[in-house]
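Join these two chains into a complex; the hints should help.
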Amino acid sequence: MLRVVLAEDAVLLRAGLVELLSRTGHEVTAAVGDAEELARAVDADRPDVVITDVRMPPGFRDEGLKAALELRGRYPGLPVLVLSQYVATAYATQLLSGGSSAEGGLGYLLKDRVGEVADFLDALDRVACGQTVIDPEVVRVLLQQRTADEPLQRLTPREREVLALMAEGLNNQAVAQRLTITEASVVKHSSNIFMKLELDPAEGNRRVLAVLAHLRRETPPS
Amino acid sequence: MTVAVWEAMRRRPLRFALSAWPLRSWAFLLSGTVLGFVVLLLFAALLLVGVGLSVVGIGLVILMASAVFGVPVAALERRRLRLVEPDHLLDPHGSLPGTGALPWLRTRLRERATWRELAYTLILGVVFTATGIGFIALLGLSVILAATPVIVWAIAPDTVMLVPGQPISDPVAALPGSATGLFGLLVSAYAGGLLAGAQVRIAQFLLSARDEDLSSRVIELTRSRARLVDAFEAERRRIERDLHDGAQQQLVALTMTLGLAELELRGQDSTAAPLIARARTEARQALGQLRSLVRGIHPQVLTDHGLPAAVAELALRNPIPVTVDIDLPDRLPSAVEATAYFTVTEALTNASKHSGADEVAVVGGLTDDKLVLLITDNGHGGADPAAGAGLQGLADRVAILKGRLIVTSPVGGPTQLRVEVPCSA
Numbered sequence: 001m002l003r004v005v006l007a008e009d010a011v012l013l014r015a016g017l018v019e020l021l022s023r024t025g026h027e028v029t030a031a032v033g034d035a036e037e038l039a040r041a042v043d044a045d046r047p048d049v050v051i052t053d054v055r056m057p058p059g060f061r062d063e064g065l066k067a068a069l070e071l072r073g074r075y076p077g078l079p080v081l082v083l084s085q086y087v088a089t090a091y092a093t094q095l096l097s098g099g100s101s102a103e104g105g106l107g108y109l110l111k112d113r114v115g116e117v118a119d120f121l122d123a124l125d126r127v128a129c130g131q132t133v134i135d136p137e138v139v140r141v142l143l144q145q146r147t148a149d150e151p152l153q154r155l156t157p158r159e160r161e162v163l164a165l166m167a168e169g170l171n172n173q174a175v176a177q178r179l180t181i182t183e184a185s186v187v188k189h190s191s192n193i194f195m196k197l198e199l200d201p202a203e204g205n206r207r208v209l210a211v212l213a214h215l216r217r218e219t220p221p222s
Numbered sequence: 001m002t003v004a005v006w007e008a009m010r011r012r013p014l015r016f017a018l019s020a021w022p023l024r025s026w027a028f029l030l031s032g033t034v035l036g037f038v039v040l041l042l043f044a045a046l047l048l049v050g051v052g053l054s055v056v057g058i059g060l061v062i063l064m065a066s067a068v069f070g071v072p073v074a075a076l077e078r079r080r081l082r083l084v085e086p087d088h089l090l091d092p093h094g095s096l097p098g099t100g101a102l103p104w105l106r107t108r109l110r111e112r113a114t115w116r117e118l119a120y121t122l123i124l125g126v127v128f129t130a131t132g133i134g135f136i137a138l139l140g141l142s143v144i145l146a147a148t149p150v151i152v153w154a155i156a157p158d159t160v161m162l163v164p165g166q167p168i169s170d171p172v173a174a175l176p177g178s179a180t181g182l183f184g185l186l187v188s189a190y191a192g193g194l195l196a197g198a199q200v201r202i203a204q205f206l207l208s209a210r211d212e213d214l215s216s217r218v219i220e221l222t223r224s225r226a227r228l229v230d231a232f233e234a235e236r237r238r239i240e241r242d243l244h245d246g247a248q249q250q251l252v253a254l255t256m257t258l259g260l261a262e263l264e265l266r267g268q269d270s271t272a273a274p275l276i277a278r279a280r281t282e283a284r285q286a287l288g289q290l291r292s293l294v295r296g297i298h299p300q301v302l303t304d305h306g307l308p309a310a311v312a313e314l315a316l317r318n319p320i321p322v323t324v325d326i327d328l329p330d331r332l333p334s335a336v337e338a339t340a341y342f343t344v345t346e347a348l349t350n351a352s353k354h355s356g357a358d359e360v361a362v363v364g365g366l367t368d369d370k371l372v373l374l375i376t377d378n379g380h381g382g383a384d385p386a387a388g389a390g391l392q393g394l395a396d397r398v399a400i401l402k403g404r405l406i407v408t409s410p411v412g413g414p415t416q417l418r419v420e421v422p423c424s425a
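Chains as they are written, first to last, in the UniProt record's numbering: chain A, 1 to 222; chain B, 1 to 425.
The following block holds chain B by itself, in its conformation from the complex (with noise of 0.2 angstroms):
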């Protein structure tokens, strides 16, 4: 990691003094410099309050807050830092699994950034807002000096001393003081700037994501990502249902409505009738094309009968003959059950579409506690998985749930494709 307000200083070390970058590095020390200040105190104050009610118990509650003090100060400094570097900070801590203060507590107790975090408070608390002060000693006398004519003149006809016993009468007199001034504020811009990058050089140690936060966040990752799939299982069931109880059943009311009002009108030689008649038609192709949107969103008989009925039922509506043995113990995962099916679909389709074939066959059973499910096809083969948006995402749904689809194709056929997904994940 380079330090950016160092590389300006080297690669130009004499336009730097002219650059906006002193007077970055000054603000960045300064608010660094109250800022560590408030830590500090706030920090002294949560320890004394902890250790003080320690007895009580609530005191322990403060100890372990203090522990996680560091928290939120990091993520200010990591917002703070950019006034001088331009290449932001990784927030090393992972996302939460579970919301609320007691489960963020134990989260972030466990994480090593946690503690570097800790000890970059209290450098910065003790460290950064000591050395600070002297910088800002320095700055100042700096300003004071170069500004002693306009003081001198300001003040008139009070008398100002830089050296004891030498008053100085007028502000041409003071001109020496203030080229000593010049030369401090000369001074402080390079020492500012050397200050800073060495503070944004702490930082970066302390504050950054490190490979050991990452490699968490892979596995975190991966969890995140089969609780993505789940969500969106419980998204699409809801939508089914949702669908299911509101306007399925509306419709089917509608039609009913229609059908009575049919009834009433018979033997009456009204022109309503064939209205009637073709809205009642209307609505009824509605329910159909309502219906199978249904089943394409989650079959129901995939959730209370399981992926042999399931798949059963989608042989029966394939254009093409599917011929179907798949043999089951028990009741599978509902995501495997959900991501086995839709493979079927979605290879059935393939099959349908694509491969010229007149016949599919899906075989499927339990081996060593993992699915494995065989879609063959008599066709023309030469499916390539890179080629077809649909093949990889088969894979990828697959995937998620640590199983794999392996595709044979040879020109000429016939096409395989072999599922094997885990059931004990």
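So here's chain A without its partners, still in its complex pose (with noise of 0.2 angstroms):
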């Protein structure tokens, strides 16, 4: 069971959400409409993890994923899973770029994987317990780009395949599984990733490092 604070503006979807999450055994200790009332709910409740909406009154641009990072300034390691109703890889981004720098679990989900209600519940779980987690609609926007002198033109389908996966925050043995190879293949296929993205292993984190070169390069720093 995770204790919730959750901020959504939408009246309909705040009250979903939170029927969503009590169904399914988890605490939603706030449920706000705004930045500000997030802020306060987080110092109010310390949550386990934090689930918050792009786009907050008062100005309806990225106030909740500016809250977001403040807050992970302020709460190192706060786990927070955004929800966007936009795939703009810019968004992404400014989350991961704010955060990554402190411990602790990160996710960006569209809205419409609310839906897939196993999956959000499994992704903030991931993200709950310290992994990345980003929306494969996003992560296929990224592979999708065909720019020459690509690095990510080095990779076989096969190894793209496993870097969306990667993206989404499976493990090895998750990866495995959905493409159906055995697990010592995937990591085979991970270190050649690495080593064509020329990330270096001490770096921490790979699988994060392998997502957020693709996130930063291109898009312009906010």
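Incorrect hints may have been included.
[Unchecked claim] Here are the simulated DMTMM-like cross-link-like pairs (lysine to aspartate or glutamate), alpha carbons at most 25 angstroms apart as the crow flies: (1) Lys-66/A with Asp-330/B; (2) Lys-66/A with Glu-240/B; (3) Lys-66/A with Asp-242/B.
[Said to hold, decoys possible] Simulated DEER-style distance windows between Cβ atoms: (4) Asp-242/B with Pro-136/A: 24 to 30 angstroms; (5) Val-372/B with Ala-15/A: 48 to 54 angstroms; (6) Val-372/B with Val-11/A: 21 to 27 angstroms; (7) Pro-103/B with Val-11/A: 36 to 42 angstroms; (8) Lys-188/A with Gly-412/B: 46 to 52 angstroms; (9) Leu-263/B with Lys-188/A: 35 to 41 angstroms; (10) Leu-265/B with Arg-40/A: 37 to 43 angstroms; (11) Ala-15/A with Val-363/B: 44 to 50 angstroms; (12) Asp-369/B with Ala-118/A: 51 to 57 angstroms.
[Stated by the list, open to error] Listed next, the stretches of chain A that the computed footprint assigns to chain B, with coverage defined by at least 3 CB atoms under 8 angstroms from CB atoms of chain B: (13) 11-17; (14) 112-121.
It should be emphasised that the hints constitute simulated quantities derived from the structure, not laboratory data. Just so you know, these numbers come straight off a predicted model, no measurement behind them. Cβ coordinates follow ideal geometry from the N, Cα and C atoms, glycine included.
In structure tokens form, the structure reads like this:
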């Protein structure tokens, strides 16, 4: 059971999420409608995980995302799952580059994903456990690009599939299951990926780094 | 400018008297006399009250109001003129930037047309009324004279005297008077035509739009066009926000409810389960479509992260590879950002559809406070701005912000679009 603080300004959706979470055995300690209330609720409740919308009052821009990043600054390692209506990678980059320095899970999911209740709960669990989860749709857009001198170009189709699943936050075993290959070949593929993307194994969580490398490139910092 | 009633008189002097023109002129002159008299009274009253109350302060407002008194009178006169003049006069006033009495007054007092209209109002009240009364006297006398036989017959046995001391005893004896009256009517026809024409001339001179009014209107037109673009932009955002806050959220809630229903049915052998799964898939597809629609209307990432990020997202979605190198020190005015964004969108679409290119480069930067964007593809060239509505539309859109679009596209390629938009405007 997770203690969750939820920030979502659309009343219908907020109520739905509260219902979904409580039915599936989680406790929503606070469900709020704007960024300020979110900060207050986290201060008061110290939840296991924060779920927040990107766009929130008063400006209806990226207040929710900004508030989440601020909270992570205050409580390092606070797991945050961002729900978004936008496939735009700029938001995912904003989230990951703002929070990757600290420990703790981060997630960027499209709101559509909430409908796949099992997937959504799984993603929530993984974020709460400190993993990084990025929506498959966002990852797909990132992998789709075909720029000429692209390190990504050097990946084989299979390696891309593996990278995409890694970006979703799956571990080797889960990747192997999804692709119906052995775990050993997943390891092989991922070491190839790290090599081709010139990632230093000493830089901590290489899975996250692999994803970050792609999110950061091309997308200018905000 | 010609005067229609004079033209009619000049072309067919004899038939003029039998045409509808004399009647129209008379109607014009009679109504003008009545109106002029009323206007004169009202204006005098305004002035008197204004001067009388000027010590109190409110009088000054009334005096100001009497300065624009000519505006409604002139509007009425431009309509009344249609009695005798088929060519309508253009309203010389510009449209107003704001609403409310005070901005209206301020604008009108600055316009020369307002003062010309005031002058016309005075002429209408004094000169037109005076000449009108004289003309009515002539016309009235002529009508009475022409009708003497009827009058004599009607009021018999009382007697009528046209010339003092010579009573007319029976209708036949009144026929010479009748002839004089008919002659008077004939004179009135031509005199009325001439007089009405003269009034039309004066109205044309004082009430129509002049070049000076029009040139200020061109400036205003440019401004209003820019305002229109802003309004469109605001409208786009409103629609985007409505969709986002309304339909999108509802659909998400729907998929969630369906997901919960699936969860409830799990483990049960129910025929509803596959139906619910299908409904969820369909709802998700609708969401996907709605999302790309919303993005096309106004991408949120443009609002939140600015032009470079938004173009980078565009590049990610483009079917042919795009390299983006846009370097801007700050956020640009939102109108510039939006125009630049939609220009790049259109350019990328064109390049992918028509150019046969397999690579596009978007380079941008700020030079002398001007956004310069270069969109280059390695396709076969030959794009003609005159041929396609797309390029022309882009040029129009850029031109509204006082920018320009230069297309170089020699046959054989490459095609380059250069967009320049000033950011200070």
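Among the hints numbered above, which are violated by the structure, and what are their numbers in rising order? The structure conflicts with hint 6 only, although it agrees with all the remaining ones.
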